[in-house]
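Q: Sequence:
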Amino acid sequence: MERLSVLTNHLAANQLQPQPARDEKPPAISPPVVHSTKQFATDPTRFLLQAKADHPDMFLLQKSTRESYVVLTDPTLFEDVLSDETLFGNPITPNMSVNRLVFGIPASKLDEHENNAVKQLRRLMIHHDQQLASVIADRLQQYMDAHLSEEGECDLRDLGTAVFWPMTQALFGDEATLDKAPKLLKAFEDIDSNFGAALRGKQITAVKEGVQECNRVFGKMVDSASPSCPLAPIPQFYSDLTGGDAELVTKFSTSAWWGGQGNTLPATIWTFGLLLADPKFKQAAYDEVDAAFSGSPDSNGIYDFGNLEFLTACLKETLRLKTYSIAWRSVQRDTVLEAGSGKRYTLVKGQLVSVVWSLQHLDPANFVDPSAFRPTRWLPKGQEENAGKPMSWAPFSHGIHKCSGFPLAMLEIPLVLALFLKKFDMELLDPLPGMDFKSAFGVVGPDEQPVRVRYKRRA
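Note that my numbering gives residue 503 to position 447 of the sequence shown, counting from 1, and the numbers run on in steps of one.
Please keep in mind that the hints were generated in silico from the structure rather than gathered at the bench.
Computed from a predicted structure; not experimentally measured.
Glycine included, C-beta positions come from ideal geometry on N, C-alpha and C.
Do not rely on the hints blindly, as some may be mistaken.
[What the hints assert, rightly or not] Quick list of simulated restraints, FRET-style, between CB atoms: (1) Thr432 x Arg102: 21 to 29 Å; (2) Ile85 x Asp481: 55 to 63 Å; (3) Glu483 x Lys94: 34 to 42 Å; (4) Val424 x Leu255: 32 to 40 Å; (5) Glu303 x Gln187: 24 to 32 Å.
[As the list claims (entries may be wrong)] Computed list of lysine-lysine pairs in DSS-like fashion (alpha-carbon distance at most 27 Å, straight line): (6) Lys458 x Lys165; (7) Lys276 x Lys242; (8) Lys119 x Lys258; (9) Lys264 x Lys165; (10) Lys264 x Lys494; (11) Lys276 x Lys165.
Required output: the full structure, derived from the provided sequences and hints.
A: Set out below in C-alpha cells:
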C-alpha cells in the first residue's frame with residue numbers, strides 16, 4: 057500500500073503539462089512594422105526586397121505617421137486577398153479615385169459606369185486586339201516615313217514618341233495627330249510626371265492644364281461625330297457605355313488615353329534600349345524580323361503576329377524588370393490571414409493591403425539571375441525557371457481585375473519593334489539611363505540621362 061502511494065505521488069509530481077490540441081492554431085499577431093527610409097524613395101523595389109527577405113509572410117510599411125499599408129510577401133496569400141471582395145473590397149475604388157481626382161469624373165457617374173467599363177473594355181481589347189494593333193502599325197509606318205530621315209541620331213525616348221502619335225490617332229481619332237494637336241505630348245508629360253501628387257489631392261496647374269488640353273482635343277471629335285465621321289474605337293466604346301453623354305465620353309477617353317500611353321511608352325523605350333544594348337539579343341531580333349516577319353504585312357495588309365516570338369519574349373522580360381505596379385485592396389472588416397508558414401496575422405478594418413508585383417519579378421526563387429535581361433528565359437526552352445511558381449510574372453496584375461489593355465500591349469509593342477528593325481539598322485551609342493521612381497505608376501520611366509540611338513535605313 058505504501059509502495060502504491062509513493063508511485064502515485066511520483067506520477068503526480070512528474071505529470072506532463074497539458075498540451076494544446078493538435079488542431080489548435082497559434083495566436084494571431086499584427087504584421088511586423090518596417091519603417092521607410094530614403095532608399096525607398098529612390099529605389100523602392102530594392103528596399104522592399106530586403107524587407108521581404110526579413111519578413112517572408114507580410115509586413116506593415118510605415119511611410120509616415122499618417123501613411124502605412126500592409127505588403128503581402130507570401131504568394132500563397134495573393135489569390136484569396138485579390139479575389140475575395142467581401143473581405144478585401146473591389147479595386148475599382150482606387151481606379152475611381154484616379155478618375156475623380158485627376159480627370160474630374162463625378163463620383164456618381166463613376167458609381168454608375170466604372171465597373172462595367174473595366175469589364176467591357178477588356179472584352180473589346182481581347183476580341184479586337186489584332187485589328188487595333190494593325191491600325192496602329194499602319195499609322196506608325198506613315199509616321200516613320202514622314203518624320204524619320206534615311207539616317208540620323210535620336211534620343212532613345214524619341215522611339216517612344218514615335219509610338220505615341222500613331223497609337224493616339226488609331227485609338228482616339230484623326231484629330232489627335234502631331235500636325236493637328238501638337239500640344240498633346242506635352243499634356244501627357246505634364247500629367248504623367250505629376251500624377252502621384254495629383255492623386256494625393258494636390259492642385260497642380262500643369263496637370264489641370266494638361267487634362268484640359270486633352271479634353272479639348274477629344275471633346276472636339278466627340279462633338280463633331282456623325283455617320284460620315286464616326287468616333288474612333290475608344291471614344292465610341294465610352295459613347296456606347298454612357299448613352300452618348302459627350303462630357304463623360306470626353307473625360308473617360310482622356311483617362312483611358314493617359315492610362316494606355318503611361319505604360320506603353322516606357323515599355324517600348326525600355327525594350328528597345330535593353331535589346332539594343334546586348335549584341336547577342338540584338339542580332340537575334342534582327343534574325344527573327346528578317347526570317348519570320350519579312351512578309352508582313354501581306355498583300356491584304358495583314359500582320360503575322362505569331363512570328364514575333366523572340367520580340368514578345370523581350371517585352372515580357374522588360375516588363376518583369378521595369379514594372380513597379382501594385383494591386384491594392386482595403387480590409388472590409390477585421391480578419392485573420394494564415395500564411396504558408398503557419399503564422400497567423402490580424403488585419404484590421406480600413407487597412408490598405410498591397411501586392412507589389414516587382415517583388416515576385418525579382419525574386420531569385422522565381423527567376424535565375426533575376427536582375428539580368430535574359431529574354432530567352434521566356435522561350436519554350438527557358439520556362440523551367442518560373443514553371444509552377446504562383447503569379448511569378450504579373451505586370452498587368454492578376455485575375456478579373458487585370459489591366460484591360462494587356463492583350464493589345466502584348467501585340468502592339470513587339471509589332472512596333474519589328475517595324476523599326478525591319479526598316480532601320482539601329483545602334484545604341486550611350487549607356488542606358490536609370491529608372492525614375494519619382495513618377496512610377498506601372499512601368500517605370502527612364503530618368504533624364506540622354507541616350508543616343510543611331511539609325512540608318514536598311515537596303
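Q: Decide, hint by hint, whether the structure agrees.
A: Consistency of the hints with the structure:
no. : hint                        : verdict
1   : Thr432 x Arg102: 21 to 29 Å : holds, 25 Å
2   : Ile85 x Asp481: 55 to 63 Å  : holds, 60 Å
3   : Glu483 x Lys94: 34 to 42 Å  : holds, 37 Å
4   : Val424 x Leu255: 32 to 40 Å : holds, 36 Å
5   : Glu303 x Gln187: 24 to 32 Å : holds, 28 Å
6   : Lys458 x Lys165             : holds, 22 Å
7   : Lys276 x Lys242             : holds, 19 Å
8   : Lys119 x Lys258             : holds, 18 Å
9   : Lys264 x Lys165             : holds, 20 Å
10  : Lys264 x Lys494             : holds, 19 Å
11  : Lys276 x Lys165             : holds, 21 Å
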